[in-house]
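2 protein chains.
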Amino acid sequence: MGALITPMLLHKGVEIVGAIARSPTKVGRDLGDVAGLDREIGVIVEDDPAAVLASCSADIAIVSVGSLVGAMYEHFRRCLEHGVNVLTIEEESLYPWLTSPAQSAELDEIAKLNGVTLTGSGIQDVYWVQLVSGVAGSMLEVESVEGRAQWNIDDFGPEVAQEFYIGRMPEELEQAVENDSWYSPTVMNTLHALVAALGLTVETSDVRVTPIVATADVRSATLAATVPAGRVLGLVDEVRLVTREGPSVEFQMSGRVYDQPTDVDTNDWLVRGAPAPVRLENVGYSTRALTGSIITNRVPDVLNAQPGFVTIDKLPPSRYRPLPLAHYVRW
Amino acid sequence: MGALITPMLLHKGVEIVGAIARSPTKVGRDLGDVAGLDREIGVIVEDDPAAVLASCSADIAIVSVGSLVGAMYEHFRRCLEHGVNVLTIEEESLYPWLTSPAQSAELDEIAKLNGVTLTGSGIQDVYWVQLVSGVAGSMLEVESVEGRAQWNIDDFGPEVAQEFYIGRMPEELEQAVENDSWYSPTVMNTLHALVAALGLTVETSDVRVTPIVATADVRSATLAATVPAGRVLGLVDEVRLVTREGPSVEFQMSGRVYDQPTDVDTNDWLVRGAPAPVRLENVGYSTRALTGSIITNRVPDVLNAQPGFVTIDKLPPSRYRPLPLAHYVRW
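First to last, the protein sequences are chains A and B. Counting the first sequence from 1 gives a position; my numbering is that position plus 859. Counting the second sequence from 1 gives a position; my numbering is that position plus 859.
Pulled out of the complex, with its shape left as it was, chain A reads as follows (with noise of 0.2 Å):
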């Protein structure tokens, strides 16, 4: 995803001052040759981030690598305490205060001390929040809300493979499940924001998650690995929320290792109420790529908001950026 983001940045003039991996096969080489573009841009990937952090005077780190919380809690604490903007694509920190309330109170106050913000996006603010509780704030009555996305975890690091069992046995998944041990932020913490996003309150919540299984051995890129037939290729991972106020809103996202030629990214909702209920369909929206572009368009975003951890209800829409980034931060 860095490598994904790294030239949209550039294209809209942001000036790239460091580059933080852990991967033996980036660390050391330019940024520019890491992220596939025919020029070096006179930034080494390193693997020290306090390092970097320290030498680097940077207004923003835009931090890809987990999807909860608690694994990036040190991640943000570093780059907060540096002074350094953090916006990030951990899916739980899109709306993290129903499911890590602690450690969000306390990134917030760390942020809050070092006068810097900490925002999560990706796909999620625009296609399962913004524009979803745009189409109910076109409605009178909303009585339920019910989504269904299809993304491909190919498009994805190593990282999200393991956290969604790929290549391991269904039972195992199943156990994990069944444990409790198992949690996606990806469906659940996009409800919370749309619940919020909605003037909703959550009250109860169950989870559904069915593994896919590869019915022939399917090639995974992102973990450089075959998945054999009857191992998991993916999963089905269903929420369904009701509020204190009474409409429901539910998610059924499918992420998997893409393995037939037609397979897209689909994107579509259904919002029933009154006057009458509205179905929001998005063809040809691919799940990475627009999670780049709107994190890139999200940039003056953080840097205009408020010290403290800034979840999108607080933020205004995510807006095209036809200028460079820098014109549209109030410096």
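Relax, there's no trap hidden among the hints.
No distinction is drawn between identical chains; accordingly, a pair holds when it is met within one copy or between any pair of copies.
In silico SDA-like cross-links for lysine to any residue, where the CA-CA straight-line distance does not exceed 25 Å: (1) Lys-1173 with His-1186; (2) Lys-1173 with Gly-974; (3) Lys-1173 with Pro-1183; (4) Lys-885 with Pro-866; (5) Lys-1173 with Leu-1162; (6) Lys-1173 with Ala-1185; (7) Lys-1173 with Gly-1058; (8) Lys-1173 with Ala-1055; (9) Lys-1173 with Glu-1062; (10) Lys-1173 with Tyr-1187; (11) Lys-885 with Ala-1084; (12) Lys-1173 with Trp-1190; (13) Lys-1173 with Glu-933; (14) Lys-971 with Thr-958.
For the record, the hints were derived by calculation from the structure and aren't laboratory data.
Given chain A's structure and the hints, the job is docking chain B onto it.
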């Protein structure tokens, strides 16, 4: 439209203190009766706007009469000078700055002098601006935006049908277009609002208006008359704007008297550019009914806005209002 919006406002806890109409079929009757409710609400529809505005201490007037700022100027001025905020479905007011700059500046000044706000909204606000600019807000580069929508003339008042030359000879409409004496703000001013939402500026505009001619006699409910074969049943209004920054924005809107049971309102937008083109489609949406609910949801935004002629580019996105509208007003 007033009859449509009345029960929506009541449903959201709004106290209606006055009602104004011109039609002798409405004046003198209880508003509940005129709006088709099963009860009287104790508000008699009157035809003297000044008397109604003077006798009731209203916070806001919902104004739905004509489609142009010029035609509505006196109505708006009267409300504003009585210290009453105005929320209107009059289409030019969605973004009148390029088409009626002098009158809009005057209304802005009158509103500010009286400490109240004037805003235009309706289906355009959410479905042709907010959602479309939301999709653009997910993209790195926008090359073009192309919209297509279809709506039923019979869903609106007879003034709209008259403005659209329904029942007249196609040559009359063609002549009016040729003489530049026909102008529909529905498409043009929507695109002006969209271009503003994209952070772009209009450079050139092309308009193409094509009559839709009845091939058989068609009954128009709003005209309470039959449109004979060979007469204007509707029209296709296409506008294409090129912006100074490069991207083009076009919208083709077909408004006609529906004559087939399968006719439905459609809304379909394609945003071309990088990283990939994205299509936005709404199935099941109703131009008329959603105009009513969007107006209802916008009431708190207008009451909370700064005084002046405040167009939607200066307002937060339209939001769902689960609670009575008064809950969202900063009194």
